[in-house]
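Undergrad: One letter stands for each residue in the lines below.
2 protein chains.
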Amino acid sequence: MTTRIGILGYGNLGKGVEKAVNAAPDMELVGIFSRRNPADVKTVSGAKVYSANDLDNMTDDIDVLILCGGSATDLPVMTPKYAAKFNVVDSFDTHAKVPEHFANVDKAAKEANKIAVISTGWDPGMFSLNRLYAHSILPDGKDYTFWGRGVSQGHSDAIRRIEGVVDARQYTVPVPAALEAVRNGENPELTTRQKHTRECYVVAEEGADLARIEKEIKEMPNYFSDYDTTVTFITEEELLANHAGLPHGGSVIYSGQSADGSSKHVIEYSLKLDSNPEFTGSILTAFARAAAKLNAEGANGCKTAFDIAPAYLSPLSGEEIRHQYL
Amino acid sequence: MTTRIGILGYGNLGKGVEKAVNAAPDMELVGIFSRRNPADVKTVSGAKVYSANDLDNMTDDIDVLILCGGSATDLPVMTPKYAAKFNVVDSFDTHAKVPEHFANVDKAAKEANKIAVISTGWDPGMFSLNRLYAHSILPDGKDYTFWGRGVSQGHSDAIRRIEGVVDARQYTVPVPAALEAVRNGENPELTTRQKHTRECYVVAEEGADLARIEKEIKEMPNYFSDYDTTVTFITEEELLANHAGLPHGGSVIYSGQSADGSSKHVIEYSLKLDSNPEFTGSILTAFARAAAKLNAEGANGCKTAFDIAPAYLSPLSGEEIRHQYL
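The listed protein sequences derive, respectively, from chains A and B. Throughout, my numbering is defined as the position within the first sequence, counted from one, plus 30. Throughout, my numbering is defined as the position within the second sequence, counted from one, plus 30.
Keep in mind that the hints were calculated from the coordinates and are not lab data. There is no bait here: all hints are sound.
Take a look, some chain A residues computed to stay more than 10 angstroms from chain B by CB distance:
no.: 1; residue: Asn67
no.: 2; residue: Thr73
no.: 3; residue: Gly76
no.: 4; residue: Asn83
no.: 5; residue: Met88
no.: 6; residue: Pro110
no.: 7; residue: Lys115
no.: 8; residue: Ser186
no.: 9; residue: Asp187
no.: 10; residue: Val196
no.: 11; residue: Pro218
no.: 12; residue: Thr227
no.: 13; residue: Glu244
no.: 14; residue: Met250
no.: 15; residue: Ala271
Quick list of in silico lysine to any residue cross-link-like pairs, SDA-like style, CA-CA up to 25 angstroms:
no.: 16; chain 1: B; residue 1: Lys172; chain 2: B; residue 2: Val128
no.: 17; chain 1: A; residue 1: Lys137; chain 2: B; residue 2: Glu350
no.: 18; chain 1: B; residue 1: Lys172; chain 2: A; residue 2: His353
no.: 19; chain 1: B; residue 1: Lys294; chain 2: A; residue 2: Thr73
no.: 20; chain 1: A; residue 1: Lys172; chain 2: B; residue 2: Lys45
no.: 21; chain 1: B; residue 1: Lys127; chain 2: A; residue 2: Pro345
no.: 22; chain 1: B; residue 1: Lys127; chain 2: A; residue 2: Glu350
no.: 23; chain 1: B; residue 1: Lys140; chain 2: A; residue 2: Ala339
no.: 24; chain 1: B; residue 1: Lys45; chain 2: A; residue 2: Ser292
no.: 25; chain 1: B; residue 1: Lys294; chain 2: A; residue 2: Pro55
no.: 26; chain 1: B; residue 1: Lys294; chain 2: A; residue 2: Ala77
no.: 27; chain 1: B; residue 1: Lys294; chain 2: A; residue 2: Asp153
no.: 28; chain 1: A; residue 1: Lys45; chain 2: B; residue 2: Gly171
no.: 29; chain 1: A; residue 1: Lys172; chain 2: B; residue 2: Ser347
no.: 30; chain 1: A; residue 1: Lys72; chain 2: A; residue 2: Leu85
no.: 31; chain 1: B; residue 1: Lys137; chain 2: B; residue 2: Val107
no.: 32; chain 1: B; residue 1: Lys294; chain 2: A; residue 2: Asn42
no.: 33; chain 1: A; residue 1: Lys140; chain 2: B; residue 2: Asp337
no.: 34; chain 1: A; residue 1: Lys111; chain 2: B; residue 2: Gly348
no.: 35; chain 1: A; residue 1: Lys140; chain 2: B; residue 2: Ser347
Computed from a prediction, not measured in an experiment: that's the story for all the values here. Glycine residues also receive a C-beta, built at the ideal position from the N, C-alpha and C atoms.
Here chain A stands alone, though its shape is the one from the complex (with noise of 0.2 angstroms):
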């Protein structure tokens, strides 16, 4: 079975995702669909594409459309909407607002008899089925979360706001000590400055005044204010040369012991990628090889990785993947 493939939005993870169906031996990418004008977007693969307007009258022509909208203000609306039409995918990952974006995309995708994946990637997505995997199989331990060593792109438009600053880059580390006491179960108790700094790269304007850049980044509330923050001002050029990239990856360590406290267990997930979207882009990927199976099989409705069975990912057969992976 081929899986037909539209993209919708081709920013930095609309470019991984495409990548990633272009890689896939059972996937066709129809194009990539574009609220700009398509005469303004040139596909890295030279993919076809289209007006999001087209989408009404492709209906028959995509299997699953993988939406690639910030979470912000396009998948609240973008999800319910395309749900309600095709198959769907997205990486929704507001958290407070998942059960109402669930609630919206279940009853769209329900009316459509069509699947909506919700919270597809590595945060949420990977390190959410490890939480999941670790607190089923030891109820009794907890889960620590760390990210980094990484570019935070969120981060990074934060301070690229500040008057002066041209451009930034902002990594995420996780502090090593708060870490090595995790790896060896020792479950502290951590406040978010003991588990991660931030590490703030800056290119300001001529003349700006830096000083106030700086406390302006430091001082910024939600984003730098709870952590330990560095800054260090650069010129576009050592940006360009050294920070061009946007590496990411993190660990998911899970901290349990046996009923009677007798044994210690300590699981760890970790990620060192060299591409945050395209990583990203590629689990969407396999996520859309699941919602085109399970809609075939008849389900409907909105899922997240916890609802869908690992083996659906897999363009193997149940046969093959036990003789492979068991």
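Based on these hints, arrange chain B on the given structure of chain A.
TA: What follows is chain B alone, placed relative to chain A:
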């Protein structure tokens, strides 16, 4: 819903399951079933002990029977036999015989409208899941599995069968340089010898020929001859004092890249376990919960971890799972 559990077999694994079931808020331990005389079996928790023969009359009292026998001779017979009467879970780990075991169990479970989950534990089981997830996300990559540092019960038993040996503990140890190369994404080709070493602690009979014992161990085909093996003779007191536990662990490391090779990604899942049988028993217990839920929904047949949506392992509702783990 309370899931009523029976445990068949009461070795180390059966005791691990007993602890996990007693700790689960949604489970009730009906009893331990043994092929020994029930009067001779003392349970850790005071659970009731029955003869295995009593199972024939208890099909209405047990929702899931957890089979704690060995893969060599017990499970190939036991799992199909009991899948004809109960939902069952086993830890079958003879890789080459999985297709045959799956087919036999599937037939019995389907005819009886029961669920049979086979080959659960951490390897096969959680490690298998991690191999599948990683390959499904990044098709272009390679997985490596390292076991240890931990006690291999099979290798310890093999040493005990040598003439002049009173007792023994064998530790499987990953080679640090191999682990590091894999973690760095170097995708090395590794021989058996390059991946693991084997450390043997042996208590010999008084006057035994130590040189002969050491030679027999090191030259034992399949078990030791392909490895760098060290043999250390110790006293029975030392063995009890320093090697009483059954710790284990290991890592599945997947090293993959994006479709065009422009970015590399390393995924690692690792375990550090104080007690192999207690951790394995906890996994079997979580899959017993899944078996009961699946069967209550009307599903039947043989399943592996690949076929079971992760949410089935948890006692929580979908809403609670999304709230706590997403």
